[in-house]
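Number of protein chains: 4
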Amino acid sequence: MTAKIKAGIVGATGYTGVELLRLLSTHPNVKVTAVTSRSEAGTSVADYFPSLRGIYDLVFQTPDEAALEQCDVVFFATPNGVAMNEAPALLAKGVRIVDLSADFRIKDIAVWEQWYGMKHASPDAVAQAVYGLCEMNREHIAAAQLVANPGCYPTCVSLPLLPLLRAGRLQKGMPLIADCKSGVSGAGRKASVGSLLCEAGDNFKAYGIGGHRHLPEIKQTLSSLQDGIADGFVFVPHLTPMIRGMHATVYLHLEDGTRPDEILREFYRSSPFVDVMNPGSTPETRSVRGANLCRISIQKAAGNENVWIILSVIDNLVKGAAGQAVQNMNIMFGFADNAGLQQAPLLP
Amino acid sequence: MTAKIKAGIVGATGYTGVELLRLLSTHPNVKVTAVTSRSEAGTSVADYFPSLRGIYDLVFQTPDEAALEQCDVVFFATPNGVAMNEAPALLAKGVRIVDLSADFRIKDIAVWEQWYGMKHASPDAVAQAVYGLCEMNREHIAAAQLVANPGCYPTCVSLPLLPLLRAGRLQKGMPLIADCKSGVSGAGRKASVGSLLCEAGDNFKAYGIGGHRHLPEIKQTLSSLQDGIADGFVFVPHLTPMIRGMHATVYLHLEDGTRPDEILREFYRSSPFVDVMNPGSTPETRSVRGANLCRISIQKAAGNENVWIILSVIDNLVKGAAGQAVQNMNIMFGFADNAGLQQAPLLP
Amino acid sequence: MTAKIKAGIVGATGYTGVELLRLLSTHPNVKVTAVTSRSEAGTSVADYFPSLRGIYDLVFQTPDEAALEQCDVVFFATPNGVAMNEAPALLAKGVRIVDLSADFRIKDIAVWEQWYGMKHASPDAVAQAVYGLCEMNREHIAAAQLVANPGCYPTCVSLPLLPLLRAGRLQKGMPLIADCKSGVSGAGRKASVGSLLCEAGDNFKAYGIGGHRHLPEIKQTLSSLQDGIADGFVFVPHLTPMIRGMHATVYLHLEDGTRPDEILREFYRSSPFVDVMNPGSTPETRSVRGANLCRISIQKAAGNENVWIILSVIDNLVKGAAGQAVQNMNIMFGFADNAGLQQAPLLP
Amino acid sequence: MTAKIKAGIVGATGYTGVELLRLLSTHPNVKVTAVTSRSEAGTSVADYFPSLRGIYDLVFQTPDEAALEQCDVVFFATPNGVAMNEAPALLAKGVRIVDLSADFRIKDIAVWEQWYGMKHASPDAVAQAVYGLCEMNREHIAAAQLVANPGCYPTCVSLPLLPLLRAGRLQKGMPLIADCKSGVSGAGRKASVGSLLCEAGDNFKAYGIGGHRHLPEIKQTLSSLQDGIADGFVFVPHLTPMIRGMHATVYLHLEDGTRPDEILREFYRSSPFVDVMNPGSTPETRSVRGANLCRISIQKAAGNENVWIILSVIDNLVKGAAGQAVQNMNIMFGFADNAGLQQAPLLP
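Going down the list, the protein sequences come from chains A, B, C and D. Position 71, counted from 1, in the first sequence is what full-length UniProt numbering calls 71; the numbers after and before it change by one each time, with no gaps. Position 303, counted from 1, in the second sequence is what full-length UniProt numbering calls 303; the numbers after and before it change by one each time, with no gaps. Position 158, counted from 1, in the third sequence is what full-length UniProt numbering calls 158; the numbers after and before it change by one each time, with no gaps. Position 264, counted from 1, in the fourth sequence is what full-length UniProt numbering calls 264; the numbers after and before it change by one each time, with no gaps.
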C-alpha cells in the first residue's frame, strides 16, 4: 500500500467542511491531518460533529498552530475573502490547494471586486488558478497547484450546457434562462433568521433577484465556451424547504437540427459523475443525495417547439462543493476518479 | 340578521373539501347543510377531520341521500369527471354551482377531451359555465349559475399576467415561460407512493414535463386576452417539499416602454385579494398561507434588460381552490367580497 | 357597536408577537394601537411581516415613543427579564397586562432567580400576578390586573392533569412522567444555529435533559393542586422537526377505581378550548394548528394495567402562548370566550 | 482477492430493499445476483430506483425466475407472512437467510399468531431461527442458518437495556417505559394516506396506543435477560415528521448503587456500532443518519433521583433494518464487522 497524502481543511466547522470530512473518511489515498477553526480551536471534531464520533480523533486548531504547510493538499472551506489572504503563503511552500470559496473563481478582478464587495488580496493567484469544473478543465486541473472549486449553481447549470456550448449549438440573441432551486444548506451553517426552520420551512421563495454572485461566474463559463451567449443569460435562484439538493431548470434555444441529447450522451459517455437520462425523465434531487453526481435530461417544451428544457440536479454539498473538491484532488494527484466518492445516494 | 344560504359540498373528504369547510365555518352568510362522500357515508365530519371537532356536527351522506337540490349553492370538490355528470340535474332545479374540478373550465370540448382522456358528458353546461377567475370575470360570475373554479397553476400564472395582456403589452413571437413550484397538497388526499413524505419530502423535481393539464387552461386565458401570445407559452410545474403554497416565476418580454408595475398597481388598486408588491420584492408562499391572497412583484432580470420576471405566490388550497370558490360564491350572491375570507395568513 | 379597547404589544417582532397580531386582527373588541420593538423602530409591521400586508398599518416604535400607558391592555411578548422591569410603571397607571414571558409565573422568587439566572426586579408584581392557566384560574384572572401567561409545556401538561389533581386521584410515591415534544417555533425567532432548518430539520432529539425552566413552573401547579405529587415529576422535552405544535405523553398512576376519562369530560364539559377525545384516540398536533385548542385523551397502557397514558396536544404559539393570552384578555375584560379565537385549525 | 458470495434480495422494491442494495453496493465480499419483486418483474433496478443508476444492472425477477437457491445468502425484505412460506425451501437447500420481516422473531407461536393475525406456516423454522440482535447473540448468529433480524423499535430500546438487564440491575415492580419516536420511513414504501407528506408532515402523534407488534418482541428480549421486568414494560410509539431516524426515551428504575454508565461503557467497549455517549449528552437522530450505529446516553432525571433516563437513537432503516441485516451476514460469514458498513453518517 502506498503512503497516503496529508490533507488539511481550513475552516472545517461549516457544512462543506464536515462534508469534506465525511467523504475523506473513506478515501483510500488521503489522511486528514489538520483541521482549523479560529472559533473552535481546542474542540475535538467528534465533540463538534457527533456524527463523526469514532471516525476522527482530530482537534480543531488555529490556522497558526496547524502545520498546514506540511500538508500535500489544503482545502479552504472558508467564507469568501479568507483564502485569498492565506493561500499564497502555502502556495509558496509548494502546497496544492483546492479553494471551495469564491476567491479564485473569477478571472476579471474588477468584476470579482464589484460582486464580492472587497479588494482582492492576491490577483496573481487568481491568474494562476484553474477553474475546477472537472468535466470542463480536467487536463488543466491535473497540472494545477491552485484549483478554484466552482459554486453550486454554476456547477448545476454549466454541466448540462457545456457540451452544447462546446459544439456551438446555442442560438444567439435568444434568452437563456436558468431557474434554479436550492436546499437551505447552500446558505451555510451560520446563525441567520432567514435559514431558521420556522422561516425557511414549509416555504418557497426567490432570492437574489437583483443579482446573485453566481451570475458572473456562470457568465464567465458561457463566454469562454461560445461567443454571444452570456448576454442573454438570466438567472433566478430560489430557496426550497429541504436540506440538500439543487435543481436547475434551464430554458434554451438551439440551432436548427441540433440533437442535444446525443451531444450530451457522447460528451459524458465516460464520465462517472454525469448521468444523462432519457428525454422525458425528470431527475429528482434525492436521486443524488450524498453522492458526487449530476443527473441531466433535455427535451423540447410541451407546446412550444422552439424552446428546449434542461433539467439538472446535484447535491449542492457534494458535486456542488465538497465532492467536486475531492474529485479535483483526485485529478490533481492522479488518484482513481471515484476514490472517496463511491457511496450510493441515500434514498429515501 | 338575514337568513343564511344553504351550501352543499360534494366530495368533501379531500383537501379542497376540508378547506371549504374551514373557510365556510366563519362565513356570516352561509350554513353548510350537506356534505357528501360515497366512501365515507355515515361517518361524521368531526370523526373524519378531527380538526373540525366542535365546529360541525354534519355527517357524510351519499349524493342520493343528501338533499342537494335544496341547497342554494353546491360546491363540487370531486375528481374530474364527476361534476359533468351530476351538475346538470342540480342546475335544472335552479341550484347554483361552483365546480372546483376541471370539468367546465375548457370551452373547446375537443381540447378538454384530449387532455382529460374522457368523453365530456355535458357540453351544454360547458357553454353556460363562467370561468371563475374572479379578478377577470367578476361581472359574468355575478350572473352565473355555473362557475368553473380555475386550477391552481392557472390562477397563480394568470393573475399577474391579466393586466398586461388586457393592455396588450406582451411581445409577440417571444417565449413566455412559467416555471411553477407547488406544494404537495396539490396532488390531493389520495394514497399515492409519489406523495408519501418519504418520497416527496426533502426532494425537488419537475413533473408533467410532457404536458400538464393546466397548460391548455392557461393558454385559453392567454388567447382570450391578447392575440398571438399563447403559442409562445411554456409551462413547467415542479413539486416542492411543503404542504401548501405555490410559486410562479414567469419570464416574459414586454413591448418597449411598458411600465408593468404601474399597470399592475392600477389594475389591482381596489382588489382585496391581489397584492402588488414593490419591484425587488420576493413574495414568499408562507406570506399567504391559509389566506385567499395572491402576492405579486415584477422586475427586469438582472443582467438582461429584455426579460422581465414576475414572481407570484398563492396558497394552492385557498386562492388556488377553496378560497377562490368562496370568493366566487360571494360574487354570485352579492355577499361582501371578504366574507369568510378575512383570516390573516398563518405565519410561521 | 361598543368602542374597542386599545391594546399594545411590547416586543412584537417575535413569533408570539406576530401571532398576537394575527389573532387580534379579527377580534371584535380590540384595536391594536401600539407595537414596540427597539431594534425595528421605524419599520412598518407590514414590511417586517409581509403576511400582515393590508391588515395593519402600524409602525414599530421604541417603548418610549409608544403611548403604552394609554392602552387598556398591554401584552409583553418579550424575552424573560424585560416585563419585570417595564410592567410596574404601566400597572401604576392602571394598565392591565398579560405577560407572555416567564417573569411573573413563579411565586417563589428564590426558585425563579435560580432557574432564570437573574435577580428579580419586581417581587411585588409577582405576588400580585395571577397565573393565567385559564381553565384553572378563571375567576382570579377576571379580576386580575397582571396575568402571567403560562409556558407552552406547562399548558400542555397541566390541562389534562388539572381535573385529576383537583380530584386528588394521582397516586403518591409513583413517578409522574411527562415526555414532551415541541415544534421548533418554541425556540423563538432568533438567529441560532440549533434552530436552522439544516440542524433541526429531519432530526429528533431531547434537550434540556439537565433541567428545563418549565419544570419548576409545572411543579408549582402540581403542588398547588394535590400534595405529594410534584416530587415524583419527571419532565423531558424533545425537539421535533416541525414548525408549530406540541405533544405531551404523560405516564401516570391513579388511585384504584379512578375513571379518569369521566373526570376529564365532566370537568371540561363547557370549556370551549379543551377537547376530551375518546380513550383510544391519538390526538395529533395538526388537528389544533393555528387554533386555541387543547385536545386530550387518556387510556391504560397496553400490557401494563397500572400505568395510565395521557396524550395532549396544543399549538405552542396559540393555546401555548398568544391564543391563551387573548383568552386571558377576554376573561379580564368580559368579552366572549371565543372572541378572536374562532378560527378553525389549518389542516392540512 | 477471495471470491465474493452471492446474495439475493426478496422483495427489493421497498425501503429496506433499496437500503440493502445501497449498503451492499460497497461491500467487498458480496455480489448481489438476484432481486425479486412480483409486481416489478422485468423492470431494471436502475429504472425503479434512479439513485442506483450506474451502480446495478440487475433486473427484478419473479421469485420463481430468480435462482435464489444458488445464492449463499438471501435477505427477505418482504411484508410479514411471506418469508415463513418461502424460506423453508431455501433452508432445505442450504441457503442462509436473514429475514427482515417479523416472521421468525417471536419464539412463542401463539403470541406471534395473536399479534400478527395469521396462522404461522413454519413453526420449525421459528425454533431454528436466531434472533439477530447482533450485540446480544453474536455467537449464535455466527452459527445460524436463519437469522430473524430485529424490528426497529426493539433494536433501539433493547440495545441500551441489554447490559443493564444482563447485570440484573433493573428494579422489579417499577414501570419501565419506552417512549419512542420514529421517522415515517418505518411505515414502508406503500401507498397509504397516513404516510402522505400532507398528513404526516408538520405533525406529531402517537399511534399503536392499543398495542404495537413490537411490544411482544421487546418483552421477549426483556424476559430472556432478567426475570420480572417485562410485566412493567410500557411502550408508546409516535410518528415524527422526518424520513429516517428513531429515538427512544426510556424511563427506568435501577437497583441502588448501580452505575449504569459504567456498565454500558464496559459492555460496549469493543462494539463498533454502539456508541455510549457521556451522561448529559442528547444524541440526535441525524448523528446516525445512513449509518449502522446506535448512540446512547443515560442519566438521572432532573428533579427525581429515582428515575433514570436513557436516550437512544438509530437510523431505523440501517441499524434498525438493512444495516443490522448486513451486520448479521458479516457475522454469519466471518467477514469484517464493518464490511459494507463504513460510511459516515450524512450530516446535515
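If you're looking for bench data, these hints aren't it; they were derived computationally from the structure. All figures in this text were calculated on a predicted structure; none of them were measured in a lab. One thing to keep in mind: the hints can contain errors.
Same chains, same label: a pair holds when it works inside one copy or across any pair of copies.
[What the hints assert, rightly or not] Capping the alpha-carbon separation at 30 Å, the derived lysine-lysine pairs in DSS-like fashion look like this:
(1) 172 - 107
(2) 4 - 31
(3) 31 - 119
(4) 300 - 219
(5) 172 - 219
(6) 300 - 4
(7) 4 - 93
(8) 107 - 93
(9) 219 - 107
(10) 300 - 6
(11) 119 - 300
(12) 300 - 172
(13) 219 - 93
Hints versus structure:
In this assembly of identical chains, the alpha carbons of residue 172 and residue 107 lie at most 30 Å apart only when taken from the same copy (24 Å versus 38 Å across copies). Taking identical chains as interchangeable, the C-alpha atoms of residue 4 and residue 31 lie at most 30 Å apart whether they share a chain (6 Å) or sit on different chains (28 Å). With identical chains, the CA atoms of residue 31 and residue 119 are never at most 30 Å apart, being 35 Å at best within one copy and 52 Å at best between copies. Taking the closest pair of Cα atoms, residue 300 and residue 219 come within 30 Å of each other both inside a single copy (24 Å) and across two copies (18 Å).
Taking identical chains as interchangeable, the C-alpha atoms of residue 172 and residue 219 lie at most 30 Å apart whether they share a chain (14 Å) or sit on different chains (27 Å). For the homomeric pair residue 300 and residue 4, neither the shortest alpha-carbon distance inside one copy (48 Å) nor that between copies (45 Å) is at most 30 Å. With identical chains, the CA atoms of residue 4 and residue 93 are at most 30 Å apart within one copy only, with a shortest distance of 19 Å there and 46 Å across copies. Taking identical chains as interchangeable, the C-alpha atoms of residue 107 and residue 93 lie at most 30 Å apart only when both belong to the same chain, with a minimum of 23 Å there against 66 Å between chains.
Taking the shortest Cα distances, residue 219 and residue 107 sit within 30 Å of each other inside one copy (12 Å), while across copies they are farther apart (44 Å). Taking CA atoms no more than 30 Å apart as the test, residue 300 paired with residue 6 passes in neither setting, with 48 Å inside one copy and 44 Å between copies. Proximity of residue 119 to residue 300 under the C-alpha cut-off of 30 Å is restricted to the inter-copy arrangement: shortest distance 29 Å between copies versus 44 Å within a copy. Proximity of residue 300 to residue 172 under the C-alpha cut-off of 30 Å is found in both arrangements, the shortest distances being 18 Å within a copy and 20 Å between copies.
For the identical chains of this complex, residue 219 and residue 93 are neighbours neither inside a copy (33 Å) nor across copies (64 Å), given an alpha-carbon limit of 30 Å.
In summary, the structure is inconsistent with hints 3, 6, 10 and 13 from the numbered list given earlier, while agreeing with the others.
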